[in-house]
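Undergrad: Residues per chain are reported as follows:
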Amino acid sequence: MGSIVLDNVSKTFGDAVVIPAIDLDIADGEFVVFVGPSGCGKSTLLRLIAGLEDVSGGRILIDGEDMTETPPARRRLAMVFQSYALYPHMSVRGNIAFPLKMAGLASDVVERKVADAARILNLTDYLDRKPRQLSGGQRQRVAIGRAIVRDPVAFLFDEPLSNLDAALRVAMRLEISELHQQLKRTMIYVTHDQVEAMTMADKIVVLNAGRVEQVGSPLELYRNPKNLFVAGFIGSPRMNFLSGEAARKLGAATIGIRPEHLALSTSDGLWEGKVGVAEHLGSDTYLHLTIDGVGPLTARMSGEFAARPGETLRIAPEAGKIHRFDDKGMALS
Amino acid sequence: MARAASARRRIAFTIIGWAVGFLVFFPILWTVLTSFKSEGTAIAIPPQFLFFDWTAENYATVQSRSNYLRHMTNSIVISLGSTLLGLLIAIPAAWAMAFSPTRRTKDVLMWMLSTKMLPAVGVLVPIYLLFRDFGLLDSRAGLTAVLTMINLPIIVWMLYTYFREIPADILEAARMDGASLGKEIVYVLAPMAVPGIASTLLLNVILAWNEAFWTLNLSTSQAAPLTAFIAAYSSPEGLFWAKLSAASTLAIAPILVLGWFAQRQLVRGLTFGAVK
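Heads up: the protein sequence lines correspond to chains H and E, in order. Taken in order, the first sequence gives residues 0 to 332; the numbers are from numbering that gives the first Met the number 0. Taken in order, the second sequence gives residues 0 to 275; the numbers are from numbering that gives the first Met the number 0.
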């Protein structure tokens, strides 16, 4: 239970084509992340699956059943919204109990399920509070609680962590991953943050302008990006792209090298570059270099690596870690 | 230094605030004071502020000469009736425009509001004739109907603004949680809309209570609300300031008390749409 299939699904708003036509298979229990820049259609795609938007073409199968025309309430999916979307006039208890009441469950069952969910999410002490009396992280937990009590076939998360501060985001990221391991349910998670995508996903779907650019495991996308867009989107700091003479020598229109695949030394290397800015993160140092005739380059070195601005260093790309792309931006094997 | 300056500013603003408040309240205060004067004192030059012979005879005269209770009942029936009727029509209208707007929704809203820009006297004759032909002159039903129509654009606009403030996410969450449209309205939308509906109701009761143009032109005695009761002391008998003031005080007292208790909702209502 919990497999989701998108069969040629498309969406248009008037004349604007938001999603041209997408095929996608999501297996039961999989954690799938839709990632892409703002306006790439990832939220729209999630809303199509939820039933909050009508598809313009194609079919959506949930558990093998065609649910394209089924209203959201009967798709047996639960959704966590970016804005939490808690019912402001209800207590935490009322919020979590709401879907159960809608399902017409007996009050003792409702009570037990709410108590269970509250225990899992550390909300037991807050059950009688109103949403406005909670912090951002607690509110998001209530929203997740409201989703898990329904025992849905799949969870949909629409950028659930983007309203939280950085520290809380990391903590909640972990909590959601733990929840996935615990519940073993299908989860579809939308984010624009590639770090969230890399750390949480079993499978990442990279979207750009409504098109699926690549589908694969985080490491697959990191190691073998299919095109320039995926190569640039996955990985932080961003992959360095070089064109011109440097690329032509390797028989490509563009070559890409990740900052962590560059070695710097004073003696040997393919290129010679001048250190511009050094960003010290403690564990790592990001060096921004300029190579005459080639362009700017970022290198990721260990935290101890010492380099002064203005210093000249030799740069050597790691063997076998250079990605080559043709003039259409597609990867060359 | 900065602290001293900000304290001075605060004092200045407080003084200005009280001064403006007093200025706005002064006509009401003066009316109430005048109602306790004799007719002679009421027109005395220089005017006497607090030190005059206080008398309640105006109230007794007003009470004996006209039926305050009947006018008051008319006012209550007409203002409450027209507001409730207006809400009954406006809630579904505002609902539809707020939650499933079309490309023309803004135009419809503007068109509704534009009817308020028409001088009322421009349609007095046709409406008067309609009222005469349908036997609605000097009837509560007629006045309720006309005030409903007069205030409907305001009611729709206010409700529309309130409904728009309800985040669509929350309604979608209810849908995802398995709520049917009916349950979504009862459990989620209505509780969130109640404060908005309440302040719309209050403001429109006050507007309808104070409405004088249509009530004076379309009623004489049977259905005449308190506005007519006040007016009766101005023109036909010459100017009897003290009695007129007593009548005014009696007419505005109920709405003043209501307004006092509903201040917070009213401020929300009066600034509707100003801030998100």
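I should point out that these hints are in silico values taken from the structure, not numbers from a laboratory. Ideal Cβ placement from N, Cα and C applies to all residues, glycine included. Worth double-checking, as some hints may not be accurate.
Unchecked claim - Here are a few chain H residues that sit away from chain E, every Cβ distance over 12 Å (derived from the structure):
{"id": "1", "residue": "79"}
{"id": "2", "residue": "89"}
{"id": "3", "residue": "101"}
{"id": "4", "residue": "128"}
{"id": "5", "residue": "157"}
{"id": "6", "residue": "179"}
As the list claims (entries may be wrong) - Derived DEER-like restraints, expressed as beta-carbon distance ranges:
{"id": "7", "chain 1": "H", "residue 1": "183", "chain 2": "E", "residue 2": "166", "range": "44 to 50 Å"}
{"id": "8", "chain 1": "E", "residue 1": "167", "chain 2": "H", "residue 2": "243", "range": "27 to 33 Å"}
{"id": "9", "chain 1": "E", "residue 1": "103", "chain 2": "H", "residue 2": "64", "range": "37 to 43 Å"}
{"id": "10", "chain 1": "H", "residue 1": "38", "chain 2": "E", "residue 2": "167", "range": "16 to 22 Å"}
{"id": "11", "chain 1": "H", "residue 1": "14", "chain 2": "E", "residue 2": "21", "range": "27 to 33 Å"}
{"id": "12", "chain 1": "H", "residue 1": "332", "chain 2": "E", "residue 2": "166", "range": "44 to 50 Å"}
{"id": "13", "chain 1": "E", "residue 1": "166", "chain 2": "H", "residue 2": "304", "range": "19 to 25 Å"}
{"id": "14", "chain 1": "E", "residue 1": "117", "chain 2": "H", "residue 2": "53", "range": "53 to 59 Å"}
{"id": "15", "chain 1": "H", "residue 1": "305", "chain 2": "E", "residue 2": "7", "range": "55 to 61 Å"}
{"id": "16", "chain 1": "E", "residue 1": "101", "chain 2": "H", "residue 2": "64", "range": "52 to 58 Å"}
{"id": "17", "chain 1": "H", "residue 1": "67", "chain 2": "E", "residue 2": "256", "range": "57 to 63 Å"}
Undergrad: Against the range 57 to 63 Å, how does the distance between the Cβ atoms of residue 67(H) and residue 256(E) compare: consistent or not?
TA: With Cβ atoms ~58 Å apart, the hint holds.
Undergrad: Classify the label on residue 89(H) as holds or violated, using whether its beta-carbon is more than 12 Å from each beta-carbon of chain E.
TA: violated, 8 Å
Undergrad: With respect to the beta-carbon atoms only, verify the hint that residue 103(E) and residue 64(H) lie 37 to 43 Å apart.
TA: holds, 38 Å
Undergrad: Checking the smallest CB distance to chain E, is residue 128(H) really beyond 12 Å?
TA: It holds; residue 128(H) is separated from chain E by about 17 Å at its closest Cβ, greater than 12 Å.
Undergrad: Between the beta carbons of residue 14(H) and residue 21(E), is the distance compatible with 27 to 33 Å?
TA: Given about 60 Å between the Cβ atoms, the range is violated.
Undergrad: Is the distance from the Cβ of residue 166(E) to the Cβ of residue 304(H) consistent with 19 to 25 Å?
TA: violated, 49 Å
Undergrad: Kindly confirm whether 16 to 22 Å is satisfied by the beta carbon distance between residue 38(H) and residue 167(E).
TA: holds, 19 Å
Undergrad: Is it the case that residue 79(H) keeps its Cβ farther than 12 Å from each residue Cβ in chain E?
TA: violated, 9 Å
Undergrad: Okay, residue 117(E) versus residue 53(H) on CB: inside 53 to 59 Å?
TA: violated, 41 Å
Undergrad: Looking only at beta-carbon atoms, does the pair residue 305(H), residue 7(E) fall within the given range of 55 to 61 Å?
TA: holds, 56 Å
Undergrad: Residue 101(H): least C-beta distance to chain E exceeds 12 Å?
TA: Label violated. Min Cβ-Cβ 4 Å, cutoff 12 Å.
Undergrad: State, for the Cβ atoms of residue 332(H) and residue 166(E), whether the hinted interval 44 to 50 Å holds or is violated.
TA: holds, 49 Å
The earlier numbered hints that this structure contradicts are 1, 2, 3, 5, 7, 8, 11, 13, 14 and 16.
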